[in-house]
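Enquirer: So the sequence shown is numbered by the numbering used here: it starts at 1 and just counts up by one.
Don't read these hints as lab results, they were simulated from the structure.
Here the structure is a predicted model, which means the values were calculated and not measured.
A few of these clues could be false.
Restraint-style ranges between C-beta atoms, simulated for each label pair [claimed, not checked]:
1. HIS40 to THR68: 36 to 46 angstroms
2. ALA75 to GLU29: 14 to 24 angstroms
3. VAL63 to ASP96: 15 to 25 angstroms
4. SER95 to THR68: 40 to 50 angstroms
Just so it is clear, CB atoms sit at the ideal spot from N, CA and C, and this is done for glycine as well.
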Amino acid sequence: MATESANPVTMVVQPHVAQPIAAQGERPEKFSGNDFKMWHQKMLFYLTTLNLARFLSEEVPVVSEGETDTQKRAAMDAWGHGDFLCRNYILNGLSDTLQCV
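Go ahead and model the full structure; you've got the sequences and the hints to work with.
Expert: This is the structure we're talking about:
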């Protein structure tokens, strides 16, 4: 018969923590007026990783004023929110001197 020890052993396991590295979807630096093509590509990639790039080319969905279907209204509201986020990410990517429009 095996005897159990009176002192149970407690093992502490450290969770694996990844070291912070620059993520691929990291926000691009602010555009200051130089090298627009590179900034444009980085911003487009950033918006794509956030699933917001579609708002750059999609047409605004049209819902009539008297529409009572709640799903159509909810879809319109969701589209408006996504468009708002997309535009503001772009505006936040501009330097403060370029943002005064």
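Enquirer: Indicate, hint by hint, whether the structure satisfies it.
Expert: Tested hints:
| no. | hint | verdict |
| --- | --- | --- |
| 1 | HIS40 to THR68: 36 to 46 angstroms | holds, 42 angstroms |
| 2 | ALA75 to GLU29: 14 to 24 angstroms | violated, 34 angstroms |
| 3 | VAL63 to ASP96: 15 to 25 angstroms | violated, 36 angstroms |
| 4 | SER95 to THR68: 40 to 50 angstroms | holds, 46 angstroms |
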